[in-house]
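J.: Given next are the chains, with one letter for each unit.
Number of protein chains: 4
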Amino acid sequence: MVKIRIGVIGLGRIGKMHLENLANLRECYEVKGIAAPRTPNIAELAEKYDVSFYTRDAQELIINDEIDAVLIASSTNTHAELIEAAAKAGKNIFCEKPVAEEINDIKHALQVVKDNQVKLQIGFDRRFDHNFRTIYDYVQSGKIGDPQIIRISSRDPEPPSIDYIKVSGGLFNDMMIHDFDMARYLSQSEVTEVYAIGDSLIDPEIGKVGDIDTAIVTLKFENGAIGEIDNSRKAVYGHDQRAEVFGSKGKVETDNDRNSNIDFETDDGGHHDKIPKPFQVRYAQAYIDELKEFYNSIEKDESVRVSGTDALRAAQLAQAAQKSLAAGKPVKVEY
Amino acid sequence: MVKIRIGVIGLGRIGKMHLENLANLRECYEVKGIAAPRTPNIAELAEKYDVSFYTRDAQELIINDEIDAVLIASSTNTHAELIEAAAKAGKNIFCEKPVAEEINDIKHALQVVKDNQVKLQIGFDRRFDHNFRTIYDYVQSGKIGDPQIIRISSRDPEPPSIDYIKVSGGLFNDMMIHDFDMARYLSQSEVTEVYAIGDSLIDPEIGKVGDIDTAIVTLKFENGAIGEIDNSRKAVYGHDQRAEVFGSKGKVETDNDRNSNIDFETDDGGHHDKIPKPFQVRYAQAYIDELKEFYNSIEKDESVRVSGTDALRAAQLAQAAQKSLAAGKPVKVEY
Amino acid sequence: MVKIRIGVIGLGRIGKMHLENLANLRECYEVKGIAAPRTPNIAELAEKYDVSFYTRDAQELIINDEIDAVLIASSTNTHAELIEAAAKAGKNIFCEKPVAEEINDIKHALQVVKDNQVKLQIGFDRRFDHNFRTIYDYVQSGKIGDPQIIRISSRDPEPPSIDYIKVSGGLFNDMMIHDFDMARYLSQSEVTEVYAIGDSLIDPEIGKVGDIDTAIVTLKFENGAIGEIDNSRKAVYGHDQRAEVFGSKGKVETDNDRNSNIDFETDDGGHHDKIPKPFQVRYAQAYIDELKEFYNSIEKDESVRVSGTDALRAAQLAQAAQKSLAAGKPVKVEY
Amino acid sequence: MVKIRIGVIGLGRIGKMHLENLANLRECYEVKGIAAPRTPNIAELAEKYDVSFYTRDAQELIINDEIDAVLIASSTNTHAELIEAAAKAGKNIFCEKPVAEEINDIKHALQVVKDNQVKLQIGFDRRFDHNFRTIYDYVQSGKIGDPQIIRISSRDPEPPSIDYIKVSGGLFNDMMIHDFDMARYLSQSEVTEVYAIGDSLIDPEIGKVGDIDTAIVTLKFENGAIGEIDNSRKAVYGHDQRAEVFGSKGKVETDNDRNSNIDFETDDGGHHDKIPKPFQVRYAQAYIDELKEFYNSIEKDESVRVSGTDALRAAQLAQAAQKSLAAGKPVKVEY
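Each protein sequence line maps, in turn, to chains F, E, U and C.
The opening residue of the first sequence carries number 1 in the UniProt record's numbering; numbering runs sequentially from there.
The opening residue of the second sequence carries number 1 in the UniProt record's numbering; numbering runs sequentially from there.
The opening residue of the third sequence carries number 1 in the UniProt record's numbering; numbering runs sequentially from there.
The opening residue of the fourth sequence carries number 1 in the UniProt record's numbering; numbering runs sequentially from there.
Please note that a few of the clues may not be correct.
Stated by the list, open to error - Pairs of lysine-lysine residues, derived as DSS-like cross-links and limited to a Cα-Cα distance of at most 30 Å, are as follows: (1) E:208 x F:208; (2) F:249 x F:97; (3) C:292 x F:274; (4) F:208 x E:277; (5) U:274 x C:274; (6) F:274 x C:88; (7) F:114 x F:332; (8) F:277 x E:329; (9) F:143 x F:208; (10) F:16 x F:3; (11) F:143 x U:249; (12) E:208 x E:292; (13) E:277 x C:274.
Calculated directly from the structure, the hints in this document are not laboratory data.
All values reported here derive from a predicted model rather than from experimental measurement.
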């Protein structure tokens, strides 16, 4: 196997996690460069991970001849531009979601990718989670027959700060977008209509800045199936993410992982361990596996598991949900 | 404790089950009479259960001085009339759902009950199920904090015959009505708006007679919570009925009972036992417990766990869901 | 089906429970008589259950011509004598365990039963429990292949009184005897050697009267399998009774039933409901099912699920375990 | 934090795994050298992991001044000698189990370690497993009260080759030794007596070479608790390793992890995913965590979680079990 020489752009919390994972996947990747405009200890990081090239300027990294692929984990507003630059430089691209806030910007970036015939994989990490992946495999294999009902629950342990919420694009764009992607992934069909209800039940401040913290969205799919997603910004018991596909031959669903599998029994009943809270723990292996698959897609020249179009569709669904909530009525999704 | 002398009206499948349960609750009830217009072996049944009085005419049973209470399990179209007759005769009443198909008929029957100050308990057996009851107790005790999201899944093992479907009043009236009741029970609030989607995914014949077999309904509650119910007429794996209440302090949900608690592990993975299919097995204890509580309500002169108003509200929700499905938009529930 | 006319001897806690169950199994049984030497309200019980004949003298009941079968739930020291009398009177017999304290008395009673060609079923209720029964069915069907390891845990919620312990015959005879029976039932083989360890870890008073409250016994079976049983007189979390059979093709085990199937999640982890404490709740259905099967065995003239020999073997195992504990070494079981 | 400069001795399957883990723990370790007498691609490995020093001679590595600690994963017969050499060179030592086959050789090595005041951690990886570790924490915290019954099941997915079995030292030394260690760890007490039963039920060839493949051992502990361990060389359903501690206040036990948490329901019942088979997957995180704790013990100068004495005690228990099996009677453990 030939190693892919990769550069990492953006060294915030997610960027650093990807850097660590890439460094440990030493049979797949050689980290050749890192770029971040405002990371003070970039030189230290370069040393720690034995990276020969570092820069404050992402463009410099993108045009570096010794780099075959880039991982973009910089702030959202830079994604589309960096994708386009990397595509034009002929580099394969792994990009954190979302591609852009505006649907047209996403479409433009995808067109550039297409024109330059590079690969683009989006960081919808949950598709690589062992639980959701197994549901997908069951659906794909036909074991559950025709999907008829899709149910997804997705609840964060804590709401983000109000400052973050203000710039987040709203619950549908920031949070449920993962679930819209999951709904498409598990149903293997496109959503044709959404209806959204929701409110700020957790924190009225969230309502004051025009967002909601609790929502349910119903979905109609092209293949006839129907579904729903619920979201909460605050599940005190952990990072609760579950899904269920019900079909003509059976149903498959997944519960959360727990910190351990113990059962503790007392006079008060039975107790089991907590669901992990931080998503980095919840999806630690998924973050590694998405990088392994990105490698495989390039090596074998196969299509990626999460394409740019997947990012576009999820954004279109989020937009439709937002519109439905505002209008108080169902909305047909426009593609 | 004084035994209640009870008469059973209607001796179909459900009526016979109630008769058996009443006979076994010998510390609470003495079955004094049975009435059924078309049950050929009514004399045999009277002998089997040691019942001294039997008749083809329900009115005769209702006016019998030796009877304190009646259990109505006859065909739906007779319920309202029998409730009114029994109320006027001063008898306490246990009646299978629904009270009537028309909202106005229900209201009229409830008024007669009120005027005559008798007790009326409706046969929403699931409220007495050990699983749903425990969820209720958790919500009631404040353990989960303020309810924010209510989710209910309710799937039958097999669709009924097309002939039955034609006269059933439709999925919302015939099947989801139980879940509307459960939603009110678990949320401890009234539903203000519903939006219904659904289709005939299981059997196109069901669609041809104007009904659906698969549905999702979203709910907005007065207390601010939101919720959803899904229904399927055919879950090949059994009688799947689950509920979840998510709140500010935690969530409580229930899985189905199974025929046994075994875990069987092979090279193919782990296997556990089936969910029971027939509702009589699924809710066997609930059917007994609702009769025990009916007894207690009378003996202690306390309010019943499922009132006539509960029947009315569930019917109003079913009607609103039907309207929403037809209109393709959310509908405010009228009370 | 012809009803069996049955008489109940002994009206203590267990006797009353059987009486209630027999009365409710009205398609199988007609309770024709009850007998108890010291039950003050025997006349009331006769009235409650509509039993025409009652007496203080068990022998009177046994010779009553209108009675086809007897259920013996009187004190242990009367069992052998009553079995013999009933057998000589040609009555089929259901008898609570144990048959007698002395092995020779058991053997004598079984001989009389054999000579008189009546049926004798022993009240090892756990064989009828839905969980253990399902394990048995899996083993029987060959699904787990050749049994290799048998593990049984059996723990009571509370130790009995010291006064009871003094006359109980010791933990092996009083408590583990059920598990010896279960070991034979699930392994479908005879035990050839036992080794017992144990101590009074829960209450030193139990040690002072010469008994133990915590024990582990290893088992060698004729078919080559090995196994172990653990017992505790005090599991604060409920009536904990589990079993596992491990074989060449897989393993099957059972967990306890719980009061409900709820899962309650908080910041403190997940919680599930308690294991029921009183054995009457734990085995409520098993107590009913053993009477149904007793009926079927008689009606179809088939062998009973728990024979007198099963009672004898379990007693022999208890005796061997007692001997092993005293000697501090393994003991071959003598049959 | 100061990095520990470590050398790895032995580059077989386990040695390579440790090398990978050490390389990824880049905040704790710098791998300075590797040594293996017969690994053809040692130079390649050195390059892959960026290790500056490699040699065929372990002694050379041990005396290398740039190395602070060694990890010994070479063949068992070299362990004691390498421990002694490393101790004399003042290096901290992580050594795979067992230290030696002969009890006296273990004692000698431990004495040399003690004399030279270096740290020695033994590779009983299961102590670091998230499940067993949680049980330990529950026992340690007093949540289960006084431990009374300890139960451990440990079953491998496949027996090793007959050639391996011949030189393995037998089931107790090769396999149950992990469980003896777990019994001591979870009970927090020493074993005083063992009684072993077992046979070759899986493969008669194993019996022919003088070993067994299925065993149960009972344990008496100093603190009064009793316990048992079962072992099988072949659990067709995966690497089945479970433990339970039952005490005066409750019980805590752990089930196995599974490949995923899905529940798949069909007309045939419910299905869950497999237990992983290879121990490298089962204990992947435990292998990482034991290296993290080794680092912490050195950095903070604290005692290691698994000491040389722990290795000695487990070996003494294995020896006693072997003796018990041969003699057919219980054996007091000599320390």
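J.: All hints are to be evaluated individually against the structure, with a verdict given for each.
T.: How the hints compare with the structure:
no.	hint	in the structure
1	E:208 x F:208	48 Å, violated
2	F:249 x F:97	34 Å, violated
3	C:292 x F:274	23 Å, holds
4	F:208 x E:277	49 Å, violated
5	U:274 x C:274	27 Å, holds
6	F:274 x C:88	46 Å, violated
7	F:114 x F:332	27 Å, holds
8	F:277 x E:329	37 Å, violated
9	F:143 x F:208	46 Å, violated
10	F:16 x F:3	20 Å, holds
11	F:143 x U:249	24 Å, holds
12	E:208 x E:292	42 Å, violated
13	E:277 x C:274	27 Å, holds
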